[in-house]
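Protein chains in written order, with full-length UniProt numbering: chain A, 1 to 454; chain B, 1 to 454.
Among the hints, erroneous ones may be present.
Same chains, same label: a pair holds when it works inside one copy or across any pair of copies.
Claimed, not checked - With a straight-line Cα cutoff of 25 Å, these simulated DMTMM-like cross-link-like pairs (lysine to aspartate or glutamate) come out:
1) K330 to E202
2) K95 to E122
3) K95 to E202
4) K230 to D96
5) K95 to D326
6) K230 to D326
7) K230 to D245
8) K230 to E263
9) K330 to E78
10) K95 to D354
11) K95 to E390
12) K95 to E38
13) K230 to E202
Since the hints were made in silico from the structure, they are not lab data.
2 protein chains.
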Amino acid sequence: MTEALIHTAENSGTTAAQAQPGPSAGQASAVDALSPAEVEAAVHAIADRSRHAARRMSTANRAWKDRGLRAVGAALQENVQAILAANAMDVQRGKDNGTSAALLDRLTLTEARVAGLVSALENLANLPDPVGNVVRGQTLPNGLRLRQVNVPMGVVAAIYEARPNVTVDIAGLALKSGNAVILRGGSAAEATNQVLVRVLREALESVGLPADAVQTVDQFGRAGANVLMKARGRVDVLIPRGGRDLIQTVVTNSAVPVIETGEGNVHIFIDESADENMAVEILLNAKTQRPSVCNTVETLLVHSGSTVLPAVATALRNAGVRLHVDHRIKAALPGVETEAATDADWATEYMDLDLAVAMVDTLDEAVQHIRTWSTGHTEAILTNHLANAERFIAEVDSAAVIVNASTRFTDGGELGLGAEVGISTQKLHARGPMGLTELTTTKWIVQGEGQVRG
Amino acid sequence: MTEALIHTAENSGTTAAQAQPGPSAGQASAVDALSPAEVEAAVHAIADRSRHAARRMSTANRAWKDRGLRAVGAALQENVQAILAANAMDVQRGKDNGTSAALLDRLTLTEARVAGLVSALENLANLPDPVGNVVRGQTLPNGLRLRQVNVPMGVVAAIYEARPNVTVDIAGLALKSGNAVILRGGSAAEATNQVLVRVLREALESVGLPADAVQTVDQFGRAGANVLMKARGRVDVLIPRGGRDLIQTVVTNSAVPVIETGEGNVHIFIDESADENMAVEILLNAKTQRPSVCNTVETLLVHSGSTVLPAVATALRNAGVRLHVDHRIKAALPGVETEAATDADWATEYMDLDLAVAMVDTLDEAVQHIRTWSTGHTEAILTNHLANAERFIAEVDSAAVIVNASTRFTDGGELGLGAEVGISTQKLHARGPMGLTELTTTKWIVQGEGQVRG
């Protein structure tokens, strides 16, 4: 489900452009008009303005930042017709280029969706400020007072797909946490993003916050994204948001530290002691409540000693779920419509009403399957056996490990973090649901009265 | 002060080998015997064994890991003659190749230095285990019990220079925090490291811990380092330890998440209200106590309204410090021996008895100088003016900001972290002194009794 929005230097030439004739064609002239060195200089100048704005944002107190967020919300409402008009152009261009219905849906804004963005900004304004929080502190034996406090990252860059809601979402999160943000959205949403960025900047300026706290490099196309990825020192952190291809391209090519988010090949293991009713309820919730998101279950592992499989399979089939099963599961489900699973099924994040199902004979086998195929997002065990629960918690190396509950709970809102930046599937800096605090770093503050080291 | 130990694929051919004829020449045949694909396969196999060992380390409790650390210490003492004999070979080879006295000193082990390593391992064994620490936790309104706990990273790789003490040091830190480690040391220390790794592995095995928790890729030379840097997914975090060139090469070329450590172009700003005695004491300590380390001061900024400059300069000169000064400082120090500073001096981390000195007219000017030249490690202000202290703390964007104390306190031991992995100068994951906790990640554990999302 990914657009190839960014490319390495090696493949950003005509071949890539030809392979993606539609959405970016309208911008080709603007990009082509500048040499690589000119694009680099222009993006670096944007990053330097972002650094300057970040310094001002870092000393803005919470009340001021919240005023900014509410001003952005009000401005989005005032400008809703201009936003929808620009969005209609992007959508029409997408239709003309044969963009799929799913991508068009992500691209489309409506009055209700804009209202949703406004209410998300109000929610952000109501959250505590992560900046200034004291992580730890003490007075040392020599009298030095020591505090480690959260401070803004500085310049946050985001590379994402043609979903204009992300423009407002990531800008709001970055601003609340005292950062400046540089945006690179999907070119298919360029007209919408252009209006959104203008509205965001004007709203910030109206309350005395720096307009340059929100900037875009969309005008430079893929070349701009490539410069951003190499701007270590100018950009403090890069957050890719989108599908697998986009994230892998950023992760592989970026010299700027990246926070990898989102990919969830999520497993549930039903051991031999699990309750049937609980298994049915949790599988239905984890697979069908919102199949297109990253915390939805993609593979079910069932212990061969369990008796719950027929009830679970029937409930899922009645809910319209297609079952991709190994031969033992098939044999255990006479009369149930299934498809034969291949390795591709164990590897696939369907994000749809599909579920791979395999039978295992031991907890070890379940853990081994998860180690082989999981993306390290979320795995759950359904069990009444204490030792199995403890072993699963200890041995499964994922961002979230769940016992007897739906995998859909791996979510910043559900876990009490307030706003969510994304679900990190890497181990550095942030793992699992990322809140506002994960958009900050820390600073050690040491205060004395002349202490020297002995 | 950096050896060029690793190179990108583009420059790892004969030119690089010719440019560095000495230390690596002895290993050339081993490296040349394997094709790039064979090196990659061999290093990946090492990483896979490391992953397996990491799983066993992650479930070893503190008592067991501490037994392992003490067994390593005892084995180092038992094998001290073999270690020193191997080291003597490396040192002789270095001498034959014309290695500098400073590098030879770093390369050399003695009985006393080995004893120092043993006592550092004992210190590590006495520290609390970071694994299992609950970072935060709560019971959610729906009854879900939520904990975020520290768990080992998994596979930690270290790329470092020809300092064999780092081999033991980084292995001890990784083991204490429940990780497996893959080492790539400087080829000039290869004989020493080979013995050290053997001793480490045997000691771990003697207490039932996996020998593969410590492995080396030294046998593959630079090619091995290059594979490590690209092994995202197989290696969880890469820690370069050494000089600027090594760190920049790793940071620029690694697809594995890197923790950047060490570079410290450290500033002290003396404002117009600072005490003369305090300024003299702190400057002497910050510059002369141990000039070769990263938290030593490199540039002094003096407010034009301050009267302490002559006393500070005289004390530093008497301690043998060479002063590299701008023209206003020169004019303010008649009769004091100085050299004219250029931009290179503001940029240089001398790590020696040299200090750049500039005069500024305002706090803003001092902050601006720091923003231009600092590496973001540590900066200090000496002041009796509360507002100046507060503004300096707020506006200087460094890992550690110090008021009225020596910059030498930016150190894991001094700040109460116990062991120190290094001083991180990046903003992601760890910033400032890194302790054992920074070699862990976190896992969210969610426990319920059938909860589903509404």
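At most 25 Å between C-alpha atoms: does K230 with D245 qualify within a copy, between copies, both, or neither? both (18 Å within a copy, 18 Å between copies)
When Cα atoms must be at most 25 Å apart, do K230 and D326 count as within-copy, between-copy, both, or neither? neither (44 Å within a copy, 34 Å between copies)
For the identical chains here, do K95 and E202 meet the 25 Å Cα criterion within one copy, between copies, both, or neither? neither (31 Å within a copy, 66 Å between copies)
From the Cα coordinates, with 25 Å as the cut-off, is the pair K230 and D96 best called within, between, both, or neither? neither (34 Å within a copy, 40 Å between copies)
Homomeric proximity label, K95 with E390: Cα distance no greater than 25 Å: Classified as neither: same-chain Cα gap 52 Å, cross-chain 56 Å, threshold 25 Å.
I want to check one pair: K95 and E38. Are their C-alpha atoms no more than 25 Å apart within a copy, between two copies, both, or neither? neither (33 Å within a copy, 49 Å between copies)
For K230 vs E263, is the C-alpha pair at or below 25 Å within one copy, between two copies, both, or neither? both (23 Å within a copy, 20 Å between copies)
Is the C-alpha distance from K330 to E78 at most 25 Å within one copy, between copies, in both cases, or in neither? For K330 and E78, the Cα distance exceeds 25 Å both inside one copy (57 Å) and across copies (60 Å).
How would you classify K95 and D326 at a CA-CA limit of 25 Å: within, between, both, or neither? The answer is neither: 39 Å in one copy and 64 Å across copies each exceed 25 Å.
How would you label the pair K330, E202 (within, between, both, or neither) given a Cα cut-off of 25 Å? neither (60 Å within a copy, 48 Å between copies)
What label fits K95 with E122 when the C-alpha limit is 25 Å: within, between, both, or neither? neither (33 Å within a copy, 68 Å between copies)
Identical-chain pair category, K230 with E202, by Cα at 25 Å: Neither way: K230 and E202 sit 29 Å apart in one copy and 43 Å across, limit 25 Å.
Of the numbered hints listed earlier, those contradicted by the structure are 1, 2, 3, 4, 5, 6, 9, 10, 11, 12, 13.
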